[in-house]
Amino acid sequence: MIRGGVLVVLLGLLSVPLTLGWILQLLLGKASAVIYPLEAPWALILEHGTLVTATTAVALLLGTAGAVWAYAKPGTNTRKMLSTTGALLQTVPPVAFLALAVPILGFGSVPVFWALVAFAVLPIFHGTLAALDSLPPGIQNVAVGLGFSRWQRLIQIELPLAVPGIKAGLGTSVMINIGTATIGATMGAGGLGRPIIAGISEFQFSYLLQGALTAGVLALFADWALSFGFSFRKRHGRYRV
Amino acid sequence: MSILEFVNVDYSYGSVPAVQNLSFMLAEGEVSVLVGPSGCGKSTTLRLVNRLLEPTSGTVYYQGQPLRDFEPEALRRSMGYSIQGVGLFPHWTVAQNVAAVPRLLGWSPKRCSDRTKELLEVVGLDPVSFCSKFPAELSGGEAQRVGIARALAADPPLLLMDEPFGAVDVLQRHKLQQVLLSIQKKVKKTILLITHDLDEAILLADRLLVLRQGRIAQEGPPAELLRSPASDFVREFFGLDRAFKRLIRFHASDFVEPLDEESRLTFDEGASLSSETNLRDALSLMLAQGKETLLVKEGSRILGLIRKSSLEALAAEEPRR
Chain G
1 MIRGGVLVVL LGLLSVPLTL GWILQLLLGK ASAVIYPLEA PWALILEHGT
51 LVTATTAVAL LLGTAGAVWA YAKPGTNTRK MLSTTGALLQ TVPPVAFLAL
101 AVPILGFGSV PVFWALVAFA VLPIFHGTLA ALDSLPPGIQ NVAVGLGFSR
151 WQRLIQIELP LAVPGIKAGL GTSVMINIGT ATIGATMGAG GLGRPIIAGI
201 SEFQFSYLLQ GALTAGVLAL FADWALSFGF SFRKRHGRYR V
Chain Y
1001 MSILEFVNVD YSYGSVPAVQ NLSFMLAEGE VSVLVGPSGC GKSTTLRLVN
1051 RLLEPTSGTV YYQGQPLRDF EPEALRRSMG YSIQGVGLFP HWTVAQNVAA
1101 VPRLLGWSPK RCSDRTKELL EVVGLDPVSF CSKFPAELSG GEAQRVGIAR
1151 ALAADPPLLL MDEPFGAVDV LQRHKLQQVL LSIQKKVKKT ILLITHDLDE
1201 AILLADRLLV LRQGRIAQEG PPAELLRSPA SDFVREFFGL DRAFKRLIRF
1251 HASDFVEPLD EESRLTFDEG ASLSSETNLR DALSLMLAQG KETLLVKEGS
1301 RILGLIRKSS LEALAAEEPR R
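Here the protein sequences come in this chain order: G and Y. Sequence positions in the first sequence follow the working numbering and run 1 to 241. Sequence positions in the second sequence follow the working numbering and run 1001 to 1321.
Chain G with its partners taken away, still in its complex shape:
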C-alpha cells in the first residue's frame, strides 16, 4: 500500500509543470532544467497511459483467446508453430517492427497501436498457454469423469486455475508495452516518447529525462497496481489455489 501511495505521489509530482521543474532542477541544476514545451506533462502521461491500457486490453483478449485455442487443439504441431512464430516475432526490435508496419498501415497512431498490440500479445499468449499446460492432468480427468463439457471445463476449471500464469504474462506484457510505447513517438504517436525523441534530436537532455523518468515511474506504478488488483481478488476469497 505504501509503495503504491509513494508512486502515485511521484507521478503526480511529475505531471504538474511546477513540481516537475523542481525535480528536473534537482537532478540537472537550474540552468539545464527545461520542461518539454509542446504538451503539458500530465497530458503526455495520460496519452501514454491510455495507449498502453488500450493496447494491453486488446492484447489480453487476443492473447488469452489464442492460448485457449492453441490449448484446445490436440495437435501439438499447431501449438509449436504458434509458439515459435511468437518467440521469433518477439526478437524483432520494436523500431524495425514499426518501420515495417508504416508502409502497410501508414504513419501515426494506428500502426503504432497495432504494433504495440502485436508485441503485448506474446507474453500473454505464452503465460496463458504455459499455465494451461501445467495444470495437473488428474484434475482434468476428474472434470471429464464428472460430466463437464469441454466448454464448462475450460470456463469453470481450467481458466480459473490458470489465472496466476495469465497474471504473470500480463505483468510482463504491460512492462514491455510501456517501454515500447515510447518508441511510438518516432512514428508519429503521442505519449512520453515525444519528449524523449525530441530530447535526442534537439540535444535537450532535460526533455529526455522528463520522458524516461516518468515512463519508469509509470512502469513501477503499473506493476504495483496489477499485484494489488490481483491480491484484492484473492483476499476476498474468489479463489485460492
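Quick caveat, the hints were computed from the structure, so don't treat them as lab data. Idealized CB from N, CA, C, for every residue including glycine. Hints are supplied without guarantee of correctness; some may be wrong.
[To be verified] Simulated DEER-style distance windows between Cβ atoms: (1) G/P137 x Y/A1074: 20 to 26 angstroms; (2) Y/N1021 x G/T91: 53 to 59 angstroms; (3) G/G75 x Y/A1230: 45 to 51 angstroms; (4) G/K80 x Y/N1278: 55 to 61 angstroms; (5) Y/E1137 x G/S32: 47 to 53 angstroms; (6) Y/G1140 x G/G75: 33 to 39 angstroms; (7) G/G75 x Y/A1074: 25 to 31 angstroms; (8) Y/V1170 x G/K73: 22 to 28 angstroms; (9) Y/S1038 x G/M1: 51 to 57 angstroms; (10) Y/E1137 x G/V58: 36 to 42 angstroms; (11) G/M1 x Y/G1124: 39 to 45 angstroms; (12) G/G5 x Y/R1111: 32 to 38 angstroms; (13) Y/S1057 x G/N77: 28 to 34 angstroms; (14) G/L226 x Y/K1185: 50 to 56 angstroms.
Keeping the supplied structure of chain G fixed, place chain Y upon it in accordance with the hints.
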C-alpha cells in the same frame, strides 16, 4: 435388466490388448469389486463404463441401452465418479466441490446446499465447519470423504470408484471403508469399485471379480471364491494367508455361543473381546493368549463365548481337486 452389462467387450491400447472378450453383469444394489494383478485391465474396464474409453469391439449396456446411445456428458453426470488421489478442485470450496455435478444438472442453489449438508453429514464431516474450507486445508482422510460426497451428490444409480481410499494411511482407510459400508446399508447403491488391496476388496464386496490379463478368472461372492477358487491362479492370487482372509467379513457377534452359569465363573476377564471384533483379529488374540475360547462382550455385558474351532472351520479350504 441389469444396470450394467458388458458383452464380449474388447479394448486394446494400440496393439496391446487390455480387455479381452469381457462379459459380466452387475447386480443392482450390490458392491462389485474388480481386483487383479497390475495391468489386468481393472482401470480400463472402469473407463469403458463412463465412456472415457470406447470398446474396440463388443457392447456395454447401461440400464439396458448400449452405451453409445447415450450422450457422454449426460452419461457421466448420471454416474458417480471417485478416483484415487481424490482430485478435488483446488479453487473451489468443499461445498462447491460437492455440488459440482448438481450444479451441472441445473439444481437450484437451495437444493444444492441442502444436499451438500446432508452428504457431508453422511460421510462424517460437520457441514458448518467444512462447507467453506478449501481442499488445501483438508487432511487426506477429510479430502477423501469429500470426494465420496461429491460422487454421491447427484444421487446417481451407479457409482464408479477407482482406488477411492488409495491415498490415505491404513487407519484412515479402515474408517473410510466403514463409512462406505454404512452408506451402503442405508442407501443400497450399485457400486463398481477397483482396489488393489485384497483385504479391502473382501471386506467391501458383495461380488468379487478377479481379472487376469483382461479376462475374468472368477467371479462371485468373496466367501465362495475364497472357499473354492476356480484355478491355481485365483488360489494363489489370494495369497498364502487366504485362510485368514476368509475371516475378515465376520464379527465375533456372528459366532457367539451362549454361556452357562458355571463356565461364566471360570473365565478370567482378560480373555475377552468386543462383539464387533472381526474374526481374523479374534483368531490372532486366541493364538496370542493360547486360548481355545474367548469371552464375547458388548460393552460390559457378556454375550457369550466364541470357540477357536468355529473359526478353524470357517477358515478351512476345500481340498484341491
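* Which earlier hints turn out false for this structure, listed by number in ascending order? -> Violated hints (numbers, rising): 5, 8 and 12; every other hint is consistent with the structure.
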